[in-house]
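For the record, the sequence lines run as chains A, B, C and D.
Counting in full-length UniProt numbering, the first sequence runs from 1 upward without gaps.
Counting in full-length UniProt numbering, the second sequence runs from 1 upward without gaps.
Counting in full-length UniProt numbering, the third sequence runs from 1 upward without gaps.
Counting in full-length UniProt numbering, the fourth sequence runs from 1 upward without gaps.
No lab work stands behind these hints, which were simulated from the structure alone.
Nothing false has been slipped in among the hints.
You can't tell identical chains apart in this list, so a pair holds if it fits in one copy or across any two.
Below 35 Å or equal to it, Euclidean Cα-Cα: the simulated DSBU-like pairs (lysine-lysine) are:
| no. | residue 1 | residue 2 |
| --- | --- | --- |
| 1 | Lys337 | Lys129 |
| 2 | Lys385 | Lys136 |
| 3 | Lys130 | Lys425 |
| 4 | Lys71 | Lys129 |
| 5 | Lys337 | Lys385 |
| 6 | Lys177 | Lys130 |
| 7 | Lys177 | Lys71 |
| 8 | Lys425 | Lys129 |
| 9 | Lys337 | Lys136 |
| 10 | Lys385 | Lys130 |
| 11 | Lys425 | Lys71 |
| 12 | Lys130 | Lys71 |
| 13 | Lys129 | Lys177 |
| 14 | Lys71 | Lys337 |
| 15 | Lys71 | Lys57 |
| 16 | Lys136 | Lys400 |
| 17 | Lys400 | Lys71 |
| 18 | Lys71 | Lys385 |
| 19 | Lys425 | Lys400 |
| 20 | Lys177 | Lys57 |
| 21 | Lys385 | Lys400 |
| 22 | Lys177 | Lys425 |
| 23 | Lys385 | Lys425 |
Protein chains: 4
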Amino acid sequence: MVPRYARPEMSALWEPEAKFRIWFEIEAHATQKLGEMGVVPESAGQALWDWWATNPKIDVEAIDAIEAVTKHDVIAFLTWVAEQVGDEARFMHQGMTSSDVLDTTLSVQLARATDILMADLDALLAAIKKRAEEHKYTPTIGRSHGIHAEPVTFGLKLAQAYAEFDRCRDRLIAARKEIATCAVSGAVGTFANIDPEVEAYVAEQLGLEIEPVSTQVIPRDRHAMYFSTLAVIAGSIERLAVEVRHLQRTEVLEAEEYFSPGQKGSSAMPHKRNPILTENLTGQARMIRAYALPALENVALWHERDISHSSVERFIGPDSTITLDFALARLTGVVEKLLIYPERMQANLDAMGGLVHSQRVLLALTQAGVSREDAYRLVQRNAMKVWESNGALSLLDLLKSDDEVTAALSASELEEKFDLAYHFKHVDTIFARVFG
Amino acid sequence: MVPRYARPEMSALWEPEAKFRIWFEIEAHATQKLGEMGVVPESAGQALWDWWATNPKIDVEAIDAIEAVTKHDVIAFLTWVAEQVGDEARFMHQGMTSSDVLDTTLSVQLARATDILMADLDALLAAIKKRAEEHKYTPTIGRSHGIHAEPVTFGLKLAQAYAEFDRCRDRLIAARKEIATCAVSGAVGTFANIDPEVEAYVAEQLGLEIEPVSTQVIPRDRHAMYFSTLAVIAGSIERLAVEVRHLQRTEVLEAEEYFSPGQKGSSAMPHKRNPILTENLTGQARMIRAYALPALENVALWHERDISHSSVERFIGPDSTITLDFALARLTGVVEKLLIYPERMQANLDAMGGLVHSQRVLLALTQAGVSREDAYRLVQRNAMKVWESNGALSLLDLLKSDDEVTAALSASELEEKFDLAYHFKHVDTIFARVFG
Amino acid sequence: MVPRYARPEMSALWEPEAKFRIWFEIEAHATQKLGEMGVVPESAGQALWDWWATNPKIDVEAIDAIEAVTKHDVIAFLTWVAEQVGDEARFMHQGMTSSDVLDTTLSVQLARATDILMADLDALLAAIKKRAEEHKYTPTIGRSHGIHAEPVTFGLKLAQAYAEFDRCRDRLIAARKEIATCAVSGAVGTFANIDPEVEAYVAEQLGLEIEPVSTQVIPRDRHAMYFSTLAVIAGSIERLAVEVRHLQRTEVLEAEEYFSPGQKGSSAMPHKRNPILTENLTGQARMIRAYALPALENVALWHERDISHSSVERFIGPDSTITLDFALARLTGVVEKLLIYPERMQANLDAMGGLVHSQRVLLALTQAGVSREDAYRLVQRNAMKVWESNGALSLLDLLKSDDEVTAALSASELEEKFDLAYHFKHVDTIFARVFG
Amino acid sequence: MVPRYARPEMSALWEPEAKFRIWFEIEAHATQKLGEMGVVPESAGQALWDWWATNPKIDVEAIDAIEAVTKHDVIAFLTWVAEQVGDEARFMHQGMTSSDVLDTTLSVQLARATDILMADLDALLAAIKKRAEEHKYTPTIGRSHGIHAEPVTFGLKLAQAYAEFDRCRDRLIAARKEIATCAVSGAVGTFANIDPEVEAYVAEQLGLEIEPVSTQVIPRDRHAMYFSTLAVIAGSIERLAVEVRHLQRTEVLEAEEYFSPGQKGSSAMPHKRNPILTENLTGQARMIRAYALPALENVALWHERDISHSSVERFIGPDSTITLDFALARLTGVVEKLLIYPERMQANLDAMGGLVHSQRVLLALTQAGVSREDAYRLVQRNAMKVWESNGALSLLDLLKSDDEVTAALSASELEEKFDLAYHFKHVDTIFARVFG
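Please build the complete structure, drawing on both the sequences and the hints.
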């Protein structure tokens, strides 16, 4: 975790105190249920919750000090709780194994992390939608291979991003389901010393599903799927970030990351406004993708469990969710405040002297009865002049002055082929598909 | 693609002929719809389908020869079709762009590949279920960290695998939805020269959804999610493969990959039966995981597309699906024919002289009123003797001869603590959860 | 392996025939040495080499047919050789294990593959050097964050690429040493049934080092390092490819992948010359990087070996080397024939009206005694006018007309600050560092 | 960075204070050289070093507070230094760009980190060597595929590990050279405003090489190679860790991670000593490998630099080196204190009733004139009895009682075939190769 790429709400989830609070809840719910079932005194659960109701401070240092002696984190915690609650606390953890607590806690943390990420995505989607509607019909050049192709609108570019992040939202919902399970099934998952009803009760209280069959641990294919999904979302972040970086290039400059009016770029160089937020996002995307790999390698634990997954998850649990939270929020800020320059978009569109319309002219000539070969020759000889002038000449003007062309198409027919509206007639349809 | 790790049905999907057949279908459906809409003569689509009804051979070499001249694969194909069909074929591809054909074809290939993978998974699930039911109550030692923990049944191990591959099945269904989309939207996705109805028609005919908003291409976050899902499935394959490899170790030998009775291992060394199929699967899993990475990097194409994804997909499209198909089928064979040795499982269970039951005895002593400290001391002094005898002594026997122990627990009470049935009382519940 | 991304010389290395030829050489060298040592008859090695001198065709199909029966590739090969050579061949493989042949063969294949890659790198370096010298002093704008920064020369860009690939060359030499080892040490590496002298002899004949200590196999950290090195080279390929893609963008167009004069881009759109070769290289780089991952996972084989590495290497051995060979050759072609447009570079340099020189003016003003704050204000007020004119105004002209500025700096002093030569005074030094 | 997997010396390298100290040194060395060259007053460098000689505390908070205003880390630092040193400090950073400081600092940090890693490797090598010599001739079974193969010694296993980490040491030396370079070359690497002599001087003072040609930054292929090398080392760590995990399995138990005599495993279960350190190392190895990936993606920065590498390096710079340092030290501890059980090794060796020697008997029979088919039949019929007895019968005993066998080989000849010394005759040779 890099502090400058962390936001407080998400980071707090991964603090020791947050973890211990979830540990307590799991233990207390289990003890309460065991009390109802007559396995332990009913007073035990009550004592735990009564203490909890006093909103006690979790003394992380004290717990760590006990762990330094016991060399066991869960026992250290139980010991500390027992010191606070008193004798009734000895019924805690009956029939359970440490992993019941640790794994279910990870489920709760990841589920809560996902809720934050979901809110992040919703904010991003709202920001993209707003800008898409603003620029629904702002013409700009579509580019394939970095080369001018045919006109699109800036709104369409954003509609594409919206649809992509909307898919990410669906994926995140599915990913949350993957990891929102609860196991309270004992040392090797057989419920030898604890009834499955306890698991069901704890799961319900924590808003989790029961794990149908666990070993000592919740199976790690779930987590592999979860972190892989975050990796895909990172890919989509990178895509929009790279788009902004391209648009902000000096020669393109169709959009820019926000800078305040007073800010005026770097020192005396007003052109030096760097897309550093989106470059930064590009790097963060690389990290979030990388974190999926060890999660995939974690799946093949030995037999009923080995603990190799644990060190991995101490890294990627926080690092992946905290960084993605930060990145989504940063991207939302970039989109909300993006400086968009329609005039420059139009200027770039026009920069090639209308060459982007050559395809339509070609088609029109054929439809007007010119042979394909002749049509091609006519368009090409004018297009080449425009190209060689580096866009100083206008293809439309040249075509209007070419007798062979005007023999087939009138000036107004030619002008109609240069009409951007032709390209945008289905924008509404696409927006309806995307935004409903 | 490595031929020895390829099965014919899946490989055939990725052969040039299969690709060209899909190309034709897309073009013909589009032409037919354009005919219905009056954009091209209705006879055009008819001519294409009439020719198709003759079940023509696709002459891959002839098409390649044309491509060698035109340097454009789609044009080469259209030219060859036109040579076969005649004049009416010139209406094909009207308003479309190459990517409309190429990307929709990839969708069809991946969707069909997924159908094969789904059948593979079903076969694997059936095989696992059958063996799980056979060994529902076959006792075996559960291991954490490779060390004996508490008893489980071999059926439970398989139930775990079943539940895991059942989740893989759900993931594969979701992954199929990700990539089963159709784009027929023109050079930059604006439908400038083709009506969205054509896309809708082609999609319906091919069993695909329409892509709500495409650029020149179908967005690659879909494919990233698809190949990441295959990577997760590979992780689960590795997990079961590693389990078999562990069980087949000389010292464990609780199960073995099948060898025919006549086969008798390697030469004169009957113990030398190597788990080569599952080792092989382990390596294949590494490959399938690796293929997800470039798919993730493919997401951030520049603007409306760059073609960097294409070379990646020429590799991973076939390599990932063909290898996963092979691996699933190989794993199914391993499971179906796995030699399972219940006696050896029991022997291993017993090898530690009953130490795996020490926890239960400890609990029973406490419940019988012995202080926790005393109970611990009593169990430990007997357990250590067993341990030092390397399992030659029996913990139960020693406990029965320990007066302090028998003062609290009778012989029959002690015996009851060594009863495996205690551990298996919820096996039925777990099976019901997993197999329904 | 994707045929369109494969070149014949490298592909041939990975054909079955090439593999069998190396197998034979290993077996024959070992047999000969064993003969010299009196372990087998001296006539045995002689018989093998005599047959080999007849330049026999390797009948891959016949060998495969035997393998279909024996289920063992090395035995199948030995059987086939024995059929050809006769009785003397039965002394082959004495005291050896299959891995001695298989692993040493992989070493030979990778070493030979590396020799091809080394030649590829040399050709690439030569191409870069030639173009670098041509454009040693061709001014172009240096860009950070995609934004104009300060002038560089196109030769410097290429010098950077040269230095990078020269480092790749050193890395490849080191990588070759990693994998160019020979193991002929028997079933678990103890030389139980074969003398280390045989290994030394075979190694020497094949131009390999002996493996100081092998298990059943040559340790896979060597291969992990090898394929990781190829991954780094792929990263450098991507870097230069991305540079070309950027330079070819419509708005930048400072360089272009070659197209023949007759070719004139795609149909009637002369601007539509796409950097498809470098986009293609970008995708290939992703694959070569991905192949390093399973090689890294291969390191931790179990005990004296498991065979999980084998399926991985059947993929990445050919795929990684063949694709890198292709990519290096393709990149060399791109560099050799790259269309470079100095006028456009100059035009882009000038497009910001001289703003790239503002830093130097600022410094000069301070050195002329203007306070830092005043200097900044003076430069900025002129720079902003240029910026708002979108480069139509000239910073130099404006400064010359600004009385406060000219009070400190004369017109000629100002002009000197706009001199590109100032930036290039150390180009020669840098070239000397890079090209020697 | 996960605190529990971090050691203080390495962590300190990545603390803000350490970074600022290096920044100061670079700036002060550059200023001093500029003074010698007459570019700035000689007093400037002197003033900086005089202040430094007072061993001033670096006030990280104060610097951060300035950065919060200036939004620029290097400027914030320079401002703070100027506040301490006074007027002379304004000559700092003359002609330099932020990256000159940042990138050279990263070089220093990575070089120093590597020195720590090198010491770690040396300690690990020493530990392995010591244990290897102790167990040079301790017999143990060699395993391929997890199955008993032929005898090796435990010392040989460790010799293999020694040779592997010795290669890692060479790789680390090469990796250090990769990143130990210095760039002080200005905004786009042209030395426009600073003489190359300054770079040479700073490099020399810091023990770095000059970067032959930089852009705005030091090229990132160097860092890709560096982090890939750490990934390979992680692979070797995993390999030895996995070996220990296998050896500690209940059924194998040939070695164990150390536990203190008083410790006696988990509670009442003396067999429950888990290899948690090596499992933990396995997970850490996954992370270190994963960190190489984004480093590889960092290579292709745009033009003269984009800043996407920076966020990646804020993660992997510390995380990769800190975790590897921790892992190497932990592994050293594991090796130094490893509990090694020669009796159990011998017992396992014998467990198959001598079947591991069947190959040698087979060979001896053939050499004694028995036909290959007969020899095979004779060995196999006895071997199968041993196998079916699960090792209770002894192959040697059975062979001695088999008349057909004894007709060819005497009892003493047979016994000689079961002599372990036969297998170990070249151990000395191998040790000499490895340990010199």
